[in-house]
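Next come the chains, spelled out residue by residue.
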Amino acid sequence: MTTEVYRESFERRTKTVRYLRFLEGLADTQVGPIFLGMWGTVALFSYLLSAFITAVGFGEQVGWNPIRFVRELPVLTLYPPPPSYGLQLAPLQEGGYWQIATFFLTVSLIAWTFRAWTRAVANGLRPTVAIAFTAALFLYAAIYIIHPISVNSWNEAPGHGLAALLLWTNHFSVKYGNFYYNPFHMVSIFGLLGSAVILAMHGATILATLAYNAHKEIDEIEKSDEGTHRAQLFWRWVMGFNATAHSIHVWALAFASLTAIAGAIGVIASGWLEPNWYLWGCRAGITPGIQAACP
Amino acid sequence: MTVHEGAPPGAVAKYDERQREILRGELVGLVAFTILALGGVIALSMAFAGTREMMGYRAEHTYNYAGVQTVNFQQYMERIGRPIAQPSAEALQAYSEWVAKNPRTVNVQVLNKYLGEKYNDTNNVFAYMSAYFTPGVGQSCEYCHNLQNFADYSKPQKTVAKAMLIMQFELQTKWIENIPRPEGQPLYQIKCYTCHYGQAKFWNQELKASNPELFGVAGGGNPTPYDMKNNGITLNGKVPSSYEVVDDRYLATRPDAEGNYNFYQVTANKDTPAGLVDTYRNQYAMYHQNTALGVGCDFCHYGGYFKSYVTADGVFKWPKAQARHMQAMMLDIALNWFPQMPNVNDVTQAQNYYAQPNCYMCHRGYVVPPGAAEFPETPVKVADPEIKPLVELPLPKPILPTSAGR
Amino acid sequence: MLSFEAKYRREALEVPPIPWLGMGIFRFWIGRFYVGFWGLVALFFGLIGASVWFWRVLFVDPLNSNNPLLNFIRGQIKPPPPEVGLSIPLDGEKGLWWIVVVFCATITFFAWMMRQVEISRMLKMGYQVPIAYAAVFSSWITIQILRPVLLGHWSEGFPLGVMAHLDWLSAFGYRYYNFFFNPFHALGITFLFGSAFVLSLHGATILSASGKKAEGVTEENVNQFYWDFLGYSIGEVGIHRLALWTAVLAVLVSNLCFVLSGTVVQDWNAFWDFWNKLPFWSGFGFN
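These protein sequences, in sequence, are chains A, B and C.
Mind the numbering: the first sequence is residues 1 to 295 in this note's numbering, read in order.
Mind the numbering: the second sequence is residues 1 to 406 in this note's numbering, read in order.
Mind the numbering: the third sequence is residues 1 to 287 in this note's numbering, read in order.
Careful, some of the hints might be misleading.
[Said to hold, decoys possible] In the DSSO-like style, the derived pairs of lysine-lysine whose C-alpha atoms are separated by at most 27 Å in a straight line are:
(1) K223(A) with K7(C)
(2) K14(B) with K213(C)
(3) K320(B) with K223(A)
(4) K320(B) with K270(B)
(5) K397(B) with K174(B)
These aren't lab readings, by the way, just hints derived from the structure by calculation.
For clarity, every value in this text was computed on a predicted model and none was experimentally measured.
Please work from the sequences and hints to get the whole structure.
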């Protein structure tokens, strides 16, 4: 039924399987066996190395005090190099460690994509999950790699840390003239909120027609039966149109991917193409009111 | 090659009796959660309603755009539980003897210059001193004065106080008198308590970042030393122990050709240098201004475009124009006045590090400082003050509404 | 009608109406749309509300731009000014039209939800869809009605305008200093981005397996993929449960992030002070 090819030296399956009883009825309870594989090893190793470098950077800042480490963990940051270094390899203590950690993080994400690809194919599926992941990867690359290169400064990428990421989001918008006025950001938000809506709609619809086996989606795609019919009619009667068991998943993938791709374009366009999105909004004529805030 | 032939029953969720129960329970849970997220919060908010005032709740409509003082000095001292000092009985006794012998002032050098003839009368000087100096620094007369001879300068505190008084009037006449303001907004005066709030040496007690209520959690509002180091914030060449708005870059700011000071502007254009360090610095400074005045960012800023002085509908944001003016005043204090105050903060002077002014110093969490005094007499500009500025800092070009704005 | 629809319509009409839920005489279709009592309510109030909005924004032309499209994007109906408090202003300049549109919209949204209940019932489905919708509806109520009531004036609601409501959102966040530090906002964002993530995964997963039944691909292949990939396969039922809850929690948690701002918390930075001041580790400074 499935086609699987294993090369023994790299790809032994781990055999541990557990069953989480508390999930019974809610979802499937089996956990494991997880597959390591070559790409999994690369991803795991790279990620752990990146996290280790970050953790060491944190440790240095708290004087290796474990209590301080826990207390300050939310605000600890591994900083990118200051702008004076441009795109060079900075000295280790002045952003070099960040560069190394980011490099290995990127490697781990790319390896993860290949892992998704090979696991899908090995199990007889198309590699659609991997392709979908590249949209998110694009957004990651836009923020950490493409935009910094476009403005010639690694400093414009976020540092590694919780507060660092939150602050980067705010500061990027403050610098580039209010991201609410970035049209790509608008499209991306449409995708993001639309994704939440479609997710709720689809999840609710299938759960509502669970009694008619609507959740057996692969079968329903092949031949739609009572569950899909009721679901389709529900939406048709409510809002005048409906998807099919297949097409709803196309809508799903499209909206989710739109979120990431439009967002990435919005980040990439900031700086070299448009340094001030509010002023762009002024020129485009979309700023509200009498445009008194436009020069 | 499925693994779960040996799986326990229920390992795969499918539609059955149990599922029906779960779905029903789920619906109930969702409804309950929705109501809780709404109604539970109503209850929570009402429970906290009593503490709103204490926590400084300010809805937008209570921001005093009119610049009216919401808490005066007496009320503020009550809030912080600090008694307002009065002259001691001994001092009053000594004074009554002094004024009987000297109805005209002896060696008064500052008050009469700035406030006129009236302050050649000892009684008027005493009234001013006991109304402003005593409560201001929280000390009775003998802290500065030789009670046997009120005109005597044998105590160093009196020399310091005189210098401070000159600073007070100079700042008043140069900066406060010229603050851009809408018609009808009252004008207040700097007095001793505007900064001191009842403490002679107030600097190290209250205004350091070890006081988290003032400076917020590190990282969110106030930077850690690592944040400052990596964002290029130094004071006197070193990373300061806490960020108090004035740093080396601030101290180096001078007006451009058009008379504009640019302390913190970071909104990008084609020529803006790369890097987010300036934005970090900007946000630390802005957060200080938030806590110092007890207002959200939209008090000064139009939420759509922070660089603008008007909203999209043309409403002029006076507070932003005033903040710009105040920042220039703060630079003046930092460059010209604090360094020239004799014996100010022995500890810091010894370290060649002068205490730096910050917004909280006067504002203490209010739009109009509680220590801003309503005083009927406007001081005159003195042509040749005893203490002159070290650096000539012109007034910033005033930012005023254009005819299009309100 | 769809090929199979006729019998479902017959079956639907046989479901007895609940007296308080919907009146029987309105149970008919116009084309593909089911009407029903609640559909009529939604249509009626929806048209009124939308008409008032379009009239005020496009045609009263407050911006004097002579360009309806620009007015559509730039225009807005502002909430009443603060001095009105919670009373109903009868003056157009003082936010009457905002009250009107918000009132009509609230009824329309509620009617839409009841309509979904009606149709779910007629199709003998569970009520998950209208309840998911209720979560979003509760957000509208929270932002435009509940929070203004808690704070004592309508001006706390958002202006009804395409770009204007974005300005409001930006100012709202900055009113509370650093909204990213609002923990409910952060949790809501986690669920929101999580929704996009789960949606992407689920869409991609089904598409990777669809149309391959002929090759013998079943949900077992999907299970095995996820066991390999993540170590856990949530299953066909579980993923839809995860979907509903992730999306709905994003919205419900966000309600909290809104309502707590301005009522209980003024400064989301200072909110975290409690963490620094916990007794067992407040002895030493940050440097």
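Numbers of the earlier hints that this structure fails to satisfy, in rising order: 3
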